[in-house]
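Its first residue numbered 5, the sequence shown is counted upward by one per residue in my numbering.
Hints are supplied without guarantee of correctness; some may be wrong.
[As the list claims (entries may be wrong)] What follows is a list of derived Cβ distance ranges for each label pair:
hint, residue 1, residue 2, range
1, HIS208, GLY105, 15 to 23 Å
2, PHE97, ASP226, 31 to 39 Å
3, ASP55, GLN116, 18 to 26 Å
4, GLY98, GLU60, 15 to 23 Å
5, ALA176, ARG96, 34 to 42 Å
6, ASP135, LEU175, 29 to 37 Å
7, GLU150, GLY105, 28 to 36 Å
8, GLU134, LEU175, 29 to 37 Å
Don't read these hints as lab results, they were simulated from the structure. Beta carbons are placed, not taken as given, at the ideal position from N, Cα and C, and that holds for glycine.
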Amino acid sequence: MEVFRGDIRRNLSPEWVELSGCSRRNSSSPPAANESAHVNLTRVHNIQVVDSLTSETYRIPERLDVGLFQWILGLKVARPNPAAVVLRNALRFGECWPMDGPSGHLGLQLVQAMHIAKIIVRHVPLEMAEDIRTAPRMAILWGLSEEITVLPTEHPSRATHISTLPARLSLANGTQMLPLAFINYDIHSSSYTQTFDTDVRYQHKTFKLVVLEILDNWGVEDLTCLYRIHLVGWM
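Could you build the full structure based on these sequences and the hints that come with them?
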């Protein structure tokens, strides 16, 4: 796993890792310098989970005898939260989406195409988590576009090198995957709400479909807990 993380860091250009630069506003660049123009798209606009672009939900293996016993007694069996729980506003302990495995993906569809400036990742604090190792660690936010875009030199090939998304998904012919942001969620940070800027070179484009690819978590093979994912941008 450490070798894999080392490959990730080596294959990402330094300027792409957690970009924080903002361009000045002009007729062709986004209003990144004007933070008041940004809104939380997850709260304001109806964003939906795309099942065909989303990994399976982790389910605890059930013993047959226990399941039969519960059925006979009419006991309610706890069900895992669906992926859509990550779009809720309030953060509650235990209310996460258990994604199957240490890596996977979450597809999100916006009601209309939007400029995406930031992605916000929230997890419960280290001292409250039942097992903080299930928190996401490294991830890539991909924008899916049917428009041909001239990609920055060397930039996409490096991102694609560490991604397994093309092998996992069946995308329509002509769909281009653009790496909008690289996420490195730090469970040791004093803030459990962490914000990551998108690459300013893609902020002039609008996206209706995005996929958050989880590259790994903090050390659990069975599942990864995603609590809250919010997108920030403008129309």
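Does the structure break any of the earlier hints, and which numbers would those be?
1, 2
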